[in-house]
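K.L.:
Put together the whole structure using the sequences plus the hints.
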Amino acid sequence: MTNGWTDVSNADVILVMGGNPAENHPVGFRFVMEARRKRKAKLVVVDPRFNRTAAVADSYTPMRAGTDIAFLGGLIHYAIENKLYHDEYVKLHTNAPFLVKEGFDFAEGYFSGWDGAAKKYDRASWQYETDAQGFAKVDPALEHPRSVFQLMKKHYARYTPDAVANICGCTAEEFRKAAAVICSTGRADRAGTILYALGWTQHSHAVQLIHTAAMLQLMLGNIGMPGGGINAQRGHANIQGSTDMGSWNNLPGYLKIPRANMATLDDYLKANTPKPLRPNSLNYWGNTPKFMVSLLKAYYGKHAAKENGFAYGNIPKPGETENYGWGQFFDKMHKGGIEGFISFGMNPVANGPNTPKMLDALSKLKWMIVVENFETETAAFWNAKKLGGKFYPTFVDPAQIQTEAFLLPAACFAEKDGAFVNSSRWLQWKRAALPPPGDAKPDQEIMSRLFLAVRDLYAKEGGKAPAPLLEMNWDYTNPRNPSLEEVAREVNGREIAGGRQLNGFGELKDDGSTLCGNWIYSGSWTEAGNMMARRGQDDPTGLGIYPNWSWSWPANRRILYNRAAANAQGQGWDPLRTPLRWDGERWRGDVPDYKADAKPADYGAFIMLPEGVAKLFAADLVEGPFPEHYEPVESPVPNPLHTNVSSNPMATVFHGPLDKLGDAKSYPYVAITYRLTEHFHYWTKHVASGSELQSNFFVELPEELASAKGIEGGDIVRVTSARGSVEGPALVTKRIRPLKVAGQTVYQIGIPIHWGFIGRVRGPLVNNLTPSAYDPNSGTPEYKGFLVNLEKA
Amino acid sequence: MDKRVERFSAPERLTHWLVALCYLYAALSGLALWSRAMWWLAPVTGGGENLRAWHPVAGAVFAVVLAVQFRRWAAQMKIDADDRRWLAASPRYAMHDETGVPESGRFNAGQKMLFWLQSSSAVVLFATGIVLWFPESMPRAARLASILLHPLAAVASMGGIIVHIYMTTIVVQGALHAMTRGYVSQAWARSHHAKWYRQLSDR
Amino acid sequence: MQTVAKLIDTSLCIGCKACEVACQQWNDQEYTLGTFQNTYQTMPDLAPNFWNLIKFRETEIGGAQSWLMTKYQCMHCADAGCIKACPSPGAIVQLGNGIVDFNRDNCIGCGYCITGCPFDVPRLSPKTKKVYKCSLCSDRVAVGLEPACIKTCPTNCLTFGSRTDLQFLAAKRAEELRADGFAGAGVYDGPGVGGTNVLYVLKHAGRPEEYGLPKDPTIPWTVSLWKGPLKWLGNTVFIGGILTALFHFVKFGPKEEHHRG
Amino acid sequence: MGNTIDRRQFLQSSAVRAGAVVTALGVDLRPAIAAARELKISRTTQTNSVCPYCAVGCSVIIHTLGDKARNVHPTVVHIEGDPDSPVNRGTLCSKGISLKEFVVNDRRLTRPLHRAPGSSEWKPVSWDDAFAKMARLIKDTRDRTFVEKDEQGREVNRLPSVAMIGGCTDTNEINYLLSKFRFGLGILSYENQSRL
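As they're listed, the protein sequences go chains H, R, X and A. Read in order, the letters of the first sequence are residues 1269 to 2061 in the numbering used here. Read in order, the letters of the second sequence are residues 730 to 932 in the numbering used here. Read in order, the letters of the third sequence are residues 275 to 535 in the numbering used here. Read in order, the letters of the fourth sequence are residues 376 to 571 in the numbering used here.
There may be inaccurate statements among the hints.
Chain X stretches covered by chain H per the calculated footprint, using a threshold of three residues with CB under 8 Å from any CB of chain H [what the hints assert, rightly or not]:
| id | stretch |
| --- | --- |
| 1 | 395-404 |
| 2 | 424-430 |
Below, in silico cross-link-like pairs of lysine-lysine (BS3-like), each with a Cα-Cα straight-line distance of 27 Å or less [stated by the list, open to error]:
| id | chain 1 | residue 1 | chain 2 | residue 2 |
| --- | --- | --- | --- | --- |
| 3 | X | K329 | H | K2002 |
| 4 | X | K401 | A | K415 |
| 5 | X | K401 | H | K1308 |
| 6 | X | K329 | X | K401 |
| 7 | H | K1732 | A | K415 |
| 8 | H | K1405 | H | K1543 |
| 9 | H | K2008 | H | K2060 |
| 10 | H | K1603 | A | K443 |
| 11 | H | K1445 | H | K1421 |
Quick caveat, the hints were computed from the structure, so don't treat them as lab data. Don't be surprised by glycine CBs; every beta carbon is placed ideally from N, CA and C.
P.N.:
Okay, here's the thing in structure tokens:
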């Protein structure tokens, strides 16, 4: 979230699209209701289903799953066409005035630079036209035909209301009505927010989709504004913190993983420290060396010295173009290329795409370690034939599965301390209330003892490449079970000499004199103590910024890009709703997302970007600098905009025997999977209360389709995709409308997740159906909008 | 000494007293449920929870035994022309002025009326009682009707019973003895049930 | 002494069921599993171990697609039919603050309250032979805590406070809704039962049945008849019967054999 | 009338705490005593925690009974929203309000389990044995498949044959330790729930 939950109450318009907060974030949704009560805010819902958010909305527009870019692109077109965008904001805070190199083009579904043989883009033509110093050229009037603004206007000229209706399946009138409300925020005194969730991220074009939303919000001048922003409602208590601590391609703090071609730390820093693209760009990532060296010091302690590049060599490095993401490594596992697998509290058999393939992949493992509160489908995958056999006709008996499995009992949240980062980026410290049951242990003890056991073997017996293992700093007071407070202090960072806790990442050094486990968390545990455990109630701005409640990354800043809520003079666009303003000497309000002592004109508002301004045109994404509507990998119709390039040409798709894709002839219906408010993910099927609220798996389908198929509510239906099937009772409803798309009627089917073959209540795993197709930038699978068939069982 | 005449056979007496016993319990526990002013009867009849459990059981036994009694007596309870005249003259009967009061058979018209009153109210009490016994599985309309009809029938029934008890224990000396021991004197029979007495003598 | 109340603004209910579970948790209810009923509703009706149910109704009102979600529980009527029907003194009590509470030690399980209730709320447990319903968390209210359902409600759909304050708030909310284009918006508070201490704001106040609420709730006339005229009739019969007998005895005494010819 | 506990009766009642309780609810609460039931959280220890489900980040108060004396294991009797939190202000959703059912749950795992290759069941194993076995398996795999230099001879120090996932249900600190764990071993294939 750029803005956070409490800030939603400052909005005038709330667009909920690709999310369903009333059901999946009911407590967060209270701020939507507050905005409506306090500010008469309008709630606009665009969704394939008339869900519980739509039930209380001011306007609901149905749409076909996977066509969000068309809808949002239509909004951009609508805003430009009707001059509803915030002109001054766009000129000041975005790259709309930047000139793009000659040669950039878009035609017939491809941007310039497409290499059909290699199936990828050469992004050379997507760059800015630069001057002698390497700065981008601009046209402040936005009139140059190669200015980002003009290129964007041209790109979205095709996204007329009729075109949107034809793709999305709503009527042009419905689109216009929603657009009028949404685009009403393109004024200085109005702010609109967007709430989204997995309905946007689970597509083969997910990142582009969110880019479109960001573009729309920038056009409307809503980024940085209280009551604005684009706000991802994340689905797990610490999915944000977990992401902040890195994934296969990131080190903690979003430092990029070193690649094989970056042999030394210098190579790495050269490749990953950006240069400013405008004279007034603060370019904060220019501090990358401080962050990286402090991280290496935290990792390798005394083994990290200037002479050895701070033990940089110990960090594992993928090849330049290699991908070690979810789709790739499970595919590799499926092909027998992975021996061992460790899962700390995740259940890929349930939550990963294409369960039949997942089961097959796990059965090829030599060993597997699962750390959990409850027995999961993943832990017991080897028993899937017995427990869920009907849906896995080709899966083998346990006797044929040679995987040695460990299922380790872990403490649950109430039995551990530590910090969770919520969607608002608030690090909230929690305390342990009781010891774990029986012989269960906290994860840090399990992990540490396992790590130390391996390390002991290396110390005793020697072995291959012991250095990365032996030099990793595990020097905690109790290494077998480190105190999380001690770990949190290390994450915050300190001066190595003297041990003073740092006040923030501004104090980090690139000479090895500071250590810091995650630079964006620096400031969370200072000499003043644990900032994450603070319980202050004050809200000095009255905008729902609670600076003394817990601690927010970065630097306790609550609204990201808050400098953009002010104009060139540093005064708020809306004087009644200004998180940050320049009083002539200093910035007042929220912690400035800006250099604290710099004048308004000194720098661009987007200090993390080399441009210094926000990017409407973004060359970093693999499938193009402007988002384009591409159909899902499985689609009921060819792309109405360019039939030959129907789905995302860069989408990650696998082609093994278990990766089949279906066509509209055999699988005519569009399916989406989603959560219900009654359950949490695959956990509450173990919990009595959730089991009571919704005991049964079911399939939601439109009345019209049901009557055509002779299905009545409660009849058992079978849903089949090219990968697998599920069975359950039908919930027949008016709330999913048949849609007219490209001249034909398209039916959508809703399938809630939450059940599995282990639990207090059981049901089929919906990922039996989903395709192994992923977004190329983020690696998220396409759970929204794949094809199925439906029949009465 | 007068010759004795058998008035009620042993099975008749047994049924009557079984009915009476069940009735007494159902009536007392029912009175506790009837009004909070009568709640003092609840401890007497076993306490709230027990009386809730036992009242319907007593009612059910009452209904079954009453059915036996009904089968035995129904034929003798037909109202004939004499009975109608008897009823017309009943105020005088009540004031012990029996001129013009026709002679009675085995049961006089008042007793017959009581029989029919008790039998019909028992039908209502039983039907509505079943509903009130298992309210959770009964339709709301039935419960709403029963909650009114059950006490209504009870009131009617108990009104009759008050008269019955008063008549049989105090007004008509010897009646109680007839039901306890089974026989009456010829004089008593002749005096109270002349028609019946003649039938017996004719036999 | 102020009467407490709960306000349910149905226009703010998102059917999240937090109130259902809060009730279950606070009252340590046993959870049960349900069978599929072609609805999102947790169970078809209230149950002895389920005192607070959100009713889900898919409907169309004025041509607009609606999905109405209405919390349903004891209404804590001022003139409570359950109390009227209850034979066991102290089993159902109306506290000074208006809460209609059960004291299950005194409950005899007759179920009359179920019939007496205009809203069909109390439920008899076949297991314990006692009747159960919402107590408006009288134990929490006693120590200054809100009822569990109200505290947990994320959207402000539920509000707790004095009845007077909430009547004011409800009227204001209804007015806001009318200003928002819901001409039929209004407050539902059961005048037929002397007002309920659970107030509803409905967008379509003229059609409470759409929400699963009875149109004009009153104590059933059979119950009123039973507890009113019938009681007097009965008392007359019983007392009159006995008095008449006494009078008769004194005036006429027993029959003597010689009366007859 | 007899069913109403009126103010006088209340004041006379010996079972009732003394003192006026007029709270922020704006309601005089004194008459609302339910003598039949003791408030179930009146003797609990309260611990501040955060809901482990979605990422709204609702603060919760965990009520435990049991003073941790030698033979006493505290147990959770109730979990409720924390009114101090600006996020939830005491409110919780249907999942959060029933967290007790998650913590106190007869389906919780309470001892390490091991499944031998080809077996069709779990067998309990001691922690020490489990750690020894797992460490041996990890070392064998690492020694066999670790890549110090790629085909082009560049130092890469990676362990491509082990994959690891998780962390989104755990705290920052554990996630940080996980990063040390995996980089120590050389694991690159690492993902969490944000990928899904």
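K.L.:
Hints first: check each against the structure and report whether it holds.
P.N.:
Right, here's what the structure says about each hint:
With a cut-off of 8 Å between beta carbons, the stretch 395-404 of chain X has 0 residues touching chain H; three or more are needed, and the interface restraint is violated. Counting residues of the stretch 424-430 of chain X whose CB lies closer than 8 Å to any CB of chain H gives 3, so the stated coverage by that chain holds, three being the minimum. Taking the CA atoms of X/K329 and H/K2002, the gap is near 17 Å; set against the 27 Å cutoff, the hint holds. Restraint check for X/K401 and A/K415: satisfied, since their Cα atoms lie roughly 23 Å apart, inside the 27 Å limit.
Distance check on the hinted pair: X/K401 and H/K1308 sit about 50 Å apart at the alpha-carbon level, beyond 27 Å; violated. Distance hint between X/K329 and X/K401 is fulfilled; the C-alpha atoms sit about 26 Å from each other, no more than 27 Å. With a C-alpha separation of about 59 Å, the suggested pair H/K1732 and A/K415 falls outside the 27 Å cut-off, and the hint is violated. Of the supplied pair hints, the one linking H/K1405 and H/K1543 holds, its CA atoms being roughly 15 Å apart against a limit of 27 Å.
Only pairs whose Cα atoms come within 27 Å are accepted, and H/K2008 paired with H/K2060 is accepted, the gap being roughly 24 Å. About 51 Å separates the Cα atoms of H/K1603 and A/K443, which puts this hinted pair outside 27 Å; it is violated. At roughly 21 Å between alpha-carbon atoms, H/K1445 and H/K1421 fall within 27 Å of each other, so this suggested pair holds.
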